[in-house]
Amino acid sequence: MNKAIKIFIPNETSANSVGAQYIYEVISKLINKNNVEIIRNSTWGAFWLEPYIEIEKEGIRRGVSYRNIDLSDLTTIEDFLIDFNEREPFDIQSIDFIKKQKRLVFSRIGHHDPLDIQCYKNTKGYKPLLNSLKIGPQETINAIKKSGLTGRGGAAFPTGIKMQTVFDQDSSIKYLACNADEGDGGTFSDRLVMESDPFSLIEGMTIAAYAVGASKGYIYLRSEYPLAKTFLLKAIEIAVENNFLGKNIQNSGFDFNIDLRIGAGSYVCGEETAMMESIEGRRGLVRSKPPLPAISGLFKKPTLINNVVTLATIPMLLDSDEDEFSKIGSNKSVGTMPFQLSGNIKHSGLIETRFDISLEELVRDFGSGTKSGNPIHAIQIGGPLGIYLSSSMLNTSLTIEALQELKGSIGHGGIIVFDNTVDMADQAKFAMEFCVKESCGKCTPCRIGSVRGVEIIDRLQKNKTSVNDAKLLNDLCETMESTSLCAMGGMTPNPIRSIIEFFPNELIQK
Amino acid sequence: MIMSTNLKKILSPFVDIKGGLMPALHAIQDHLGFISKDNISELAIAFNYSQAEIIDVITFYDDFRLEPIGKNIIKLCQAEACQSQNCKQLLSDVSSHFNLNLNETSSDLNITLKEVFCLGNCALGPSVMINDEVIGEATTKKIIGHLKNHKIQNNE
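Residue numbers (the working numbering), protein chains in the order written: chain A, 1 to 510; chain B, 1001 to 1156.
Next up, chain A with everything else stripped away, as it sits in the complex:
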């Protein structure tokens, strides 16, 4: 039975981190009427408003930000309802931050309880899987190829081509591995999928596995995401109960199971070959390629590896009614990109939009400037291996191609804003320090080069004009770039080079 009053209190890491769980505990104790129910929905991704609590009454849903508000004086649920109404509730879908986005992959977040499979099905969920099971594996792969989807984990490789390679392997055992080791500082879109729309990931994995012929899937989830673990375990259980996982899925004859594996605090395990080593029960040492994982991957079998957002995007590409996704953008930058705006920014959160949005639009129109009120000094794009842009570069478009031209990468879509109190030499040093901590140790330029890098930058911080050290740093970057097996060593120089180029005299003075 539908209750007359529904109170929506998000259950999501960021919302809980500023009090949503506390508010839930307070309000659930007050409820004594049977016409009021609490729904733990997911976040809307407008984090500066969290904890954003909504009430739905007579079909109208409005919400209020309960940031830093003490509710300990409330004694009845009526008290809360009065308090709520006094705070001028508004419809979050009418604010620019949400309205101006193009939410396709994240179309469901905020609306419902993410573990309510009926809600998922009511919003087009599992229709794509049924469609895929009907048209068969090759047609499914063709649809994904046609969509133009590229991997959202950072490398931007065409997803359909990768799937075709795995499909073409003659092997009775194949695997699917979902990379949920979202370790880049400033990123949380994978976490949001897993906590706020987990069935979209499970459905995407099921379609991908069916297409390439894998009957076993792994999700490699970082240990820093305990709430995502809870959501995934429950969602997998519900999917099994509803025959969307397990044997003979929806009477198709297709069997597929998902095993959740938890990482143990290693950044490099987000690199696909290190991830496979870790799943197999070893140190996360990077493997050399070839062979490509698509040919010989997990347990030496053909393996499709994609990150969470990529897999969660797949279902909508199989929805025969719409191809809204591929109509947006061009080249490799087709479809929408979930940018994650964070750091020193007033309106932080998830912004899913077209790729060719400018940095200016993102940080000014969506972000509304710095939290501190100081001028923006630097913006890092794409995680610890991403470049820093200066405040004079806000007209940069955020396409994969535009970032490549600047010798950077859109990476996983993390955008971190720094105000003018930042010390760019410190940021350059951090890039090397992070590599010292997180290098798997296999390649010498990464393992030892990063240590030397910290020392050189230390010296430069004392004497910016040292020609010798400037040259040495440049040589070191070149060596790391050209002789490291993976992006850890190969791209650690990116942020440093961008600081040298775009922030003259802040690390090196000429």
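Bear in mind the hints are in silico, worked out from the structure with no lab data behind them.
Among the hints, a few may not be true.
Pairs of lysine-lysine, DSS-like flavour, derived with a Cα cap of 25 Å [said to hold, decoys possible]:
id	chain 1	residue 1	chain 2	residue 2
1	B	Lys-1018	A	Lys-289
2	A	Lys-234	B	Lys-1018
3	A	Lys-229	B	Lys-1088
4	B	Lys-1141	A	Lys-229
5	A	Lys-229	B	Lys-1009
6	B	Lys-1114	A	Lys-462
7	A	Lys-247	B	Lys-1018
8	B	Lys-1141	A	Lys-346
9	B	Lys-1088	A	Lys-371
10	A	Lys-437	B	Lys-1088
11	B	Lys-1114	A	Lys-464
12	B	Lys-1018	A	Lys-300
13	B	Lys-1114	A	Lys-437
14	B	Lys-1009	A	Lys-371
15	B	Lys-1018	A	Lys-216
16	B	Lys-1018	A	Lys-29
Simulated restraints, written as ranges between beta carbons of each label pair [what the hints assert, rightly or not]:
id	chain 1	residue 1	chain 2	residue 2	range
17	B	Asp-1016	A	Lys-300	17 to 25 Å
18	B	Thr-1059	A	Glu-481	24 to 32 Å
19	B	Asn-1103	A	Ser-482	29 to 37 Å
20	B	Lys-1071	A	Pro-504	48 to 56 Å
21	A	Asn-85	B	Ser-1036	52 to 60 Å
22	A	Ile-31	B	Lys-1148	24 to 32 Å
23	A	Ile-448	B	Gln-1051	24 to 32 Å
24	A	Lys-407	B	Glu-1115	56 to 64 Å
25	A	Asn-142	B	Asn-1103	48 to 56 Å
Cβ atoms here follow ideal geometry from the backbone N, Cα and C, with glycine treated the same way.
We have chain A already, so just place chain B on it with the hints.
Structure of chain B alone, referenced to chain A:
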């Protein structure tokens, strides 16, 4: 060597699955707090690894530990988004408040201080994780409050 029944029970779901060592190590820590020398030799037998290989895996990962650790693990995020929100200052404040350096455990085994690189709470930094709970816009006061009543304090 005869494996203790307790450990056997902990390991049994993992010995026959592919790549079972990582989940087994997590399970031991969840149950016993850390991985002891005895556990290592027993793991080596169960998984048909050498003891050196088991230690090899354990020492690669930050989460695994060979010694007891505090009842409460406070992890302070030191990644870029939190850097822009003065996480270094917070680390130094928290460190002096508890009189602990990074990776140190208080003598009463109550608190261990650690750093972490990204909790995915970048929009609301600086972020701190206490055991399994994340605190956004963290301050020393919020951390102390959380430890006191295991509830996120809503008020500054």
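Hints and how they fare:
{"no.": "1", "hint": "B:Lys-1018 with A:Lys-289", "verdict": "holds, 23 Å"}
{"no.": "2", "hint": "A:Lys-234 with B:Lys-1018", "verdict": "holds, 22 Å"}
{"no.": "3", "hint": "A:Lys-229 with B:Lys-1088", "verdict": "violated, 29 Å"}
{"no.": "4", "hint": "B:Lys-1141 with A:Lys-229", "verdict": "violated, 29 Å"}
{"no.": "5", "hint": "A:Lys-229 with B:Lys-1009", "verdict": "holds, 23 Å"}
{"no.": "6", "hint": "B:Lys-1114 with A:Lys-462", "verdict": "violated, 29 Å"}
{"no.": "7", "hint": "A:Lys-247 with B:Lys-1018", "verdict": "holds, 20 Å"}
{"no.": "8", "hint": "B:Lys-1141 with A:Lys-346", "verdict": "holds, 23 Å"}
{"no.": "9", "hint": "B:Lys-1088 with A:Lys-371", "verdict": "holds, 18 Å"}
{"no.": "10", "hint": "A:Lys-437 with B:Lys-1088", "verdict": "holds, 17 Å"}
{"no.": "11", "hint": "B:Lys-1114 with A:Lys-464", "verdict": "violated, 33 Å"}
{"no.": "12", "hint": "B:Lys-1018 with A:Lys-300", "verdict": "holds, 12 Å"}
{"no.": "13", "hint": "B:Lys-1114 with A:Lys-437", "verdict": "holds, 14 Å"}
{"no.": "14", "hint": "B:Lys-1009 with A:Lys-371", "verdict": "violated, 51 Å"}
{"no.": "15", "hint": "B:Lys-1018 with A:Lys-216", "verdict": "holds, 12 Å"}
{"no.": "16", "hint": "B:Lys-1018 with A:Lys-29", "verdict": "violated, 45 Å"}
{"no.": "17", "hint": "B:Asp-1016 with A:Lys-300: 17 to 25 Å", "verdict": "holds, 19 Å"}
{"no.": "18", "hint": "B:Thr-1059 with A:Glu-481: 24 to 32 Å", "verdict": "holds, 29 Å"}
{"no.": "19", "hint": "B:Asn-1103 with A:Ser-482: 29 to 37 Å", "verdict": "holds, 35 Å"}
{"no.": "20", "hint": "B:Lys-1071 with A:Pro-504: 48 to 56 Å", "verdict": "holds, 50 Å"}
{"no.": "21", "hint": "A:Asn-85 with B:Ser-1036: 52 to 60 Å", "verdict": "holds, 58 Å"}
{"no.": "22", "hint": "A:Ile-31 with B:Lys-1148: 24 to 32 Å", "verdict": "holds, 27 Å"}
{"no.": "23", "hint": "A:Ile-448 with B:Gln-1051: 24 to 32 Å", "verdict": "holds, 28 Å"}
{"no.": "24", "hint": "A:Lys-407 with B:Glu-1115: 56 to 64 Å", "verdict": "violated, 29 Å"}
{"no.": "25", "hint": "A:Asn-142 with B:Asn-1103: 48 to 56 Å", "verdict": "holds, 52 Å"}
The structure fails hints 3, 4, 6, 11, 14, 16, 24 (numbered hints given earlier, in ascending order).
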